[in-house]
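K.L.:
Spelled out, the chains give:
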Amino acid sequence: MTMPEGEQPREYPDGVPLAEQPNWNKDFPTDVPDDHYVARREFVKFLVLTSGAFVAGQCWIAASSLRRGPGPSPRHRICTVAELEARRVVEFRYPDDHEPCLALAVEPGRFVAYAQECTHLACAVVPHLEKGEMHCPCHNGSFAVNDGRPIAGPPRRPLTLVELEVQDGAVFAVGSVRRTV
Amino acid sequence: MKPILTRRQKDTIVAGILCLVGLLAVLQLWLLTATMNAFMGGDESVVWPAAAASLGCLLMNLWLLRRLLFLERAGG
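Residue numbers (our numbering), protein chains in the order written: chain X, 50 to 230; chain B, 18 to 93.
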């Protein structure tokens, strides 16, 4: 059998030439290397499309950063020092009504406050002061009460820290800090 | 005059391009997750450089795709 100029002979994975292939393969011949070639070419096109989707995602994050900007940090009265020391945990909302936070009396005279939103998938964390941790029941994540850093489970970022100020026997929230480490 | 490439040669070139494009796409995926983590953590300083780097990877990928399409047209 002669091949037209420029055309290359078909190749099969078993290395057997076309003439010796079974009848079904002669009736429906598959050019395996050509098939691989087309599949790889199409996969490259798909990957470039995926690459474009990643850039769209990056642009979305960049646009969100413009929209977010540095917001105002209102001053919010949480409770009195005596009340916080007595209850050890006080719930409040800061900086607006949609963001629940917890103020904790870690030691006598030492207070910390964190956003209650877990940094993994935004479930509400529950304080376990006797264990020294804030526990997220959704995926068993834990954060240290002292600094809000993740100590177990899937969360990788610390809890959002709420800055506190004590004035005239009352505890005030004066700002919040998102952290990566 | 450009030489006519055999199927085996074209196959090797496509495999090489596929590796490079795959590598760049994985780099972009890493960039996206790292940027998202930084953004969620309040660090916005990396957002624009990461977007520029990702765009650079896309341009590189598009150039490689263009080479691939030229390879098609070149025949062989």
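Everything labelled a hint here was simulated from the structure, so no lab data went into it.
Think of the CB as a built atom: it goes at the ideal place given N, C-alpha and C, for glycine as much as any other residue.
Hints are not guaranteed to be accurate.
Stated by the list, open to error - Chain X stretches covered by chain B per the calculated footprint, using a threshold of three residues with CB under 8 Å from any CB of chain B:
id, stretch
1, 76 to 85
2, 97 to 111
Claimed, not checked - Label-pair restraints from in silico Cβ distances:
id, chain 1, residue 1, chain 2, residue 2, range
3, X, R89, B, S62, 49 to 57 Å
4, B, D60, X, V215, 42 to 50 Å
5, B, M57, X, N74, 53 to 61 Å
6, B, C36, X, A112, 57 to 65 Å
7, X, I200, B, T23, 57 to 65 Å
8, X, W73, B, V43, 34 to 42 Å
9, B, A32, X, Q70, 50 to 58 Å
10, X, L67, B, V43, 38 to 46 Å
11, X, E212, B, R84, 52 to 60 Å
K.L.:
Confirm or reject each hint.
P.N.:
Cross-check of the supplied hints:
1. Closer than 8 Å: that is the beta-carbon criterion, and the stretch 76 to 85 of chain X has 3 residues meeting it against chain B, so the requirement of 3 holds.
2. Counting residues of the stretch 97 to 111 of chain X whose beta-carbon sits less than 8 Å from any beta-carbon of chain B gives 11, enough to reach three: the coverage restraint holds.
3. At roughly 39 Å, the beta carbons of X:R89 and B:S62 sit outside the given window of 49 to 57 Å.
4. Hint check: B:D60 to X:V215, Cβ distance near 29 Å, so the stated range 42 to 50 Å is violated.
5. Range check, B:M57 to X:N74: Cβ separation about 55 Å, and the 53 to 61 Å hint holds.
6. For B:C36 and X:A112, the Cβ-Cβ distance of about 32 Å falls outside the hinted range of 57 to 65 Å, so the restraint is violated.
7. Distance hint check for X:I200 and B:T23: the Cβ-Cβ separation is about 60 Å, which falls inside the suggested range of 57 to 65 Å.
8. Between X:W73 and B:V43 the beta carbon distance is about 40 Å. The supplied range of 34 to 42 Å therefore holds.
9. Roughly 26 Å separates the CB atoms of B:A32 and X:Q70, a value that falls outside the hinted 50 to 58 Å.
10. For the pair X:L67 and B:V43, the supplied restraint of 38 to 46 Å holds, since their beta-carbon distance comes to about 39 Å.
11. Between X:E212 and B:R84 the CB atoms are about 54 Å apart, so this pair conforms to the stated range of 52 to 60 Å.
The structure is inconsistent with the numbered hints 3, 4, 6, 9, although it conforms to all the rest.
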